[in-house]
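Novice: Throw the hints in and build the complete structure from the sequences for me.
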Amino acid sequence: VRQRCGWFLDAAHAGTLRHFALDEGALDQCAQLVADETRANYPDLKVPYHSRWRHFETQHGDLAGVLPGNAEHVDDVRCRAALDLAFVSVLLDAGAGSGWQYRDLQTDSVYRRSEGLAVASARMFAAGLFSSDSGQSRQVDAVALEALDVEGLGRGLQVDEGNELPGLAGRVDLLKRLGETLASLCGPGQRPADLVLDAIGRGPVSADALLGHLLQRLNSIWPQG
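So that you can map any letter, position 100 of the sequence shown is 100 in UniProt numbering, and since no number is skipped, the others follow by simple counting.
Just so you know, not all the hints are guaranteed correct.
To be verified - With a Cα cut of at most 16 angstroms, we get these calculated EDC-like pairs of lysine to aspartate or glutamate: (1) Lys-46 <-> Asp-36; (2) Lys-176 <-> Asp-208; (3) Lys-176 <-> Glu-146; (4) Lys-176 <-> Glu-151.
For the record, the hints were derived by calculation from the structure and aren't laboratory data.
Specialist: Written out as structure tokens, the structure reads:
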């Protein structure tokens, strides 16, 4: 990321950017704005990592409560469920546009954009939309993902004529391809969590190695072209 930012900075200095110009005189003001905003939100400067999990920590409570088991004593079941939820939630978050919203019926609160997609994904996960096992609904597996359709996911996301979500069909296709990939790797019972656990099951693994492991196995789910 820093390398590519450097390329853009060099292009700005050379005046070859087509759509933007750099005003270096405003950099100090910009930096001060960022610093002030950061200190206002995190006075101790202990800024939590940005991740999908931050979107689950809403003003009405932590949606990690949808996971099975005890948060104080994380076991294999809870760990696998958390990984499953993270996978589908991230893949669903491809931008929601400015018009779509999600009303969480359990808290009677409305969410939009990425936070709305996060809350919606957690509720769909808890309802068993991504599981083919009625006895273990809070999981994600290949069979359920392959069976997803636009109508079912649309209901879960509260999509209708007055609450449209851009790219709904594309999100369904992405999750279906994830299901197909999981099934091809280890069979229909395969879960997204297994991709992570397979990498770390043989001992400690670096973040770089884990990312490479996941990218290699998930390469086929992304749209081509």
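Novice: Look at each hint and say if it fits the structure.
Specialist: Hints, verified against the model:
no.: 1; hint: Lys-46 <-> Asp-36; verdict: holds (14 angstroms)
no.: 2; hint: Lys-176 <-> Asp-208; verdict: violated (27 angstroms)
no.: 3; hint: Lys-176 <-> Glu-146; verdict: holds (5 angstroms)
no.: 4; hint: Lys-176 <-> Glu-151; verdict: holds (14 angstroms)
In summary, the one numbered hint that this structure violates is 2.
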